[in-house]
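J.: Letter by letter, the chains look like this.
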Amino acid sequence: MSFLPAPLEPVRPGLLREVAPVTRLVVAVAWLAAAFVGVDPRVPAVLLMAAVVSLATLSGLPLRASVRRLAPLVLAAAGLALLTLVLHPTRTDPAAIVVVELGPLRITAAAASAALALALRLALIAVASLLVFGPSDPTTFADSLVQQWRVPDRFAYGTLAALRIAPYLAADWSSTRAVRRLRGIEARGPVGSLRVAGARLVALLVSAVRRGERMALAMDARGFDAGRRRTHFRPIRLGVRDAVVLAAGWAVAVVALVAGAWG
Amino acid sequence: MNASPSPVSTPAIPAGSLARWRTVDIVVVAVVAVAFGVVFWAWNYVWAVLDPVFAAFRPAQYLISGVWLMPAVVAPLIVRRPGAAVFAEIVAASVSALLGSVWGLDVILSGLAQGLGAEIVFAVFLYRAWSLPVAALAGAGAAVGMAVHDFPVYYPPSAGYDMGFYVPVAVAMLTSGVIVAGVGGHVLVRALARTGVLRGFPSGA
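The listed protein sequences derive, respectively, from chains A and B. Under our numbering, the first residue of the first sequence carries the number -14, and numbering increases by one thereafter. Under our numbering, the first residue of the second sequence carries the number 368, and numbering increases by one thereafter.
Just chain A, with the same shape it has in the complex:
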């Protein structure tokens, strides 16, 4: 029915499943910040190692499925790294240390280091994303955002309700193409395909707005906007585990930055 992939779900117990989602988010953002502050490739290397180890041992996510999820990123990271390797400004600098020289291709040590750092950083983004979003479902995430970060509950749960119809919208998007094909409407040339894409987008958005209006009506009928202060059905409390994950996460970030400074 849908071209959307099934969400990655944890299959084993793990420490990261037992902390509040915002705890994981805070640590991941700290790691990304450290990776972008540190220019030396050692910084993202240390963080990426910690992230991969956490993914394997603490997240409870199935390893093989996680690797499959990460595979496209390896391609993208390799592409960006290659670009840096070849186009780095030191390629024309006669004083730069050269690692490889093949005809017009001149790869300097500085370029190699920058390319490695960029690739490691992008890989870190991907693994950290899995660590943040993988171990718990969107509902728990919304609960945590509302309870720990005081995100307005109507926005958090309204979004959660909307997310639930993503598969239907994906089906709508596919069916707009099927209908067009059935009617024999074919895109001709770039202008034609642009027009067809626009028409499909309008059809999709009409369906989205209708579904949204119907859902809002149903939600209001059940008192969603009653104007009362909400209590929490699934309380999430920060505990010792959150403190441990937070402290360990910050420690790893500091170690990574120190390792980079030594380089």
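Misleading hints may appear alongside valid ones.
These stretches of chain A come out as covered by chain B in the derived footprint (C-beta under 8 angstroms, 3 or more residues) [claimed, not checked]:
#1 23 to 35
#2 195 to 208
Examples of chain B residues toward chain A, derived with CB under 8 angstroms [to be verified]:
#3 Phe454
#4 Asp473
#5 Asp517
#6 Tyr521
#7 Ala526
#8 Met530
#9 Val534
#10 Leu555
#11 Ala558
#12 Ala560
#13 Leu565
Source of the hints: derived by calculation from the structure; they are not laboratory data. Fair warning: this is a prediction, and the values are worked out from it, not measured in the lab. Using N, Cα and C, we set each Cβ at its ideal position, and we do this for glycine too.
Given chain A's structure and the hints, the job is docking chain B onto it.
T.: Same frame as chain A, but now just chain B:
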């Protein structure tokens, strides 16, 4: 907190800009953003397939980047509420993050930057102007947000990128932001209004 079943007596939602959002505003913006998130999921394949083709000349690739900026213009034009641009971009980005997109976290950061870029434009007009030129400006604002995020993250100066790269890419982003997201978004909302589906909103009245 105590869940006492008292009658409705405490209007606890404070009077403020966010409280003026009705349920239907929240849900429709969220659903429209999810719809864009779904389109992005398909669009990401296009982008990935074109990636090697465009690697030689990056600015050309960014001529189609405006598609990602559309929710930041379309959602505010529909509901006309403060915060709609940021809210829509974050939700659209979250869809791919929750589906396990390889960029996940970073997509949310970039969504935030793009949404803020458009939001600032609508705020400058005090959330009172929704014309084509304002939509085009908002598209440009979102493109600025995109540059503010993408340049340091994907093309940092430390990796050897300089003005010879940044200027043409920024021009391509702005062009695409104005034409695809700004003008395209405005045309899209007008087409939606013509179907009658926006009757419950200021944009369809």
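J.: Are the hints correct? Go through all of them and say.
T.: For each hint, the structure was consulted:
1. 23 to 35: n = 1 at 8 angstroms, threshold three: violated.
2. 195 to 208: Contact hint for the region 195 to 208 of chain A vs chain B: holds, 9 residues under 8 angstroms.
3. Phe454: Because about 7 angstroms separates B/Phe454 from the closest Cβ in chain A, which is inside the 8 angstroms limit, the hint holds.
4. Asp473: At about 5 angstroms, which falls below the 8 angstroms cut-off, the nearest Cβ of chain A leaves the hint on B/Asp473 intact, so it holds.
5. Asp517: This hint is violated: B/Asp517 lies away from chain A, its Cβ roughly 11 angstroms from the closest one there, beyond 8 angstroms.
6. Tyr521: 6 angstroms, holds
7. Ala526: Interface hint status for B/Ala526: holds (4 angstroms vs cutoff 8 angstroms).
8. Met530: Since the shortest Cβ distance to chain A is 11 angstroms, the answer is violated.
9. Val534: Check failed: Cβ of B/Val534 comes no nearer than 15 angstroms to chain A, outside 8 angstroms.
10. Leu555: 6 angstroms, holds
11. Ala558: 5 angstroms, holds
12. Ala560: 10 angstroms, violated
13. Leu565: 7 angstroms, holds
Consistency note: the structure conflicts with the earlier hints numbered 1, 5, 8, 9 and 12.
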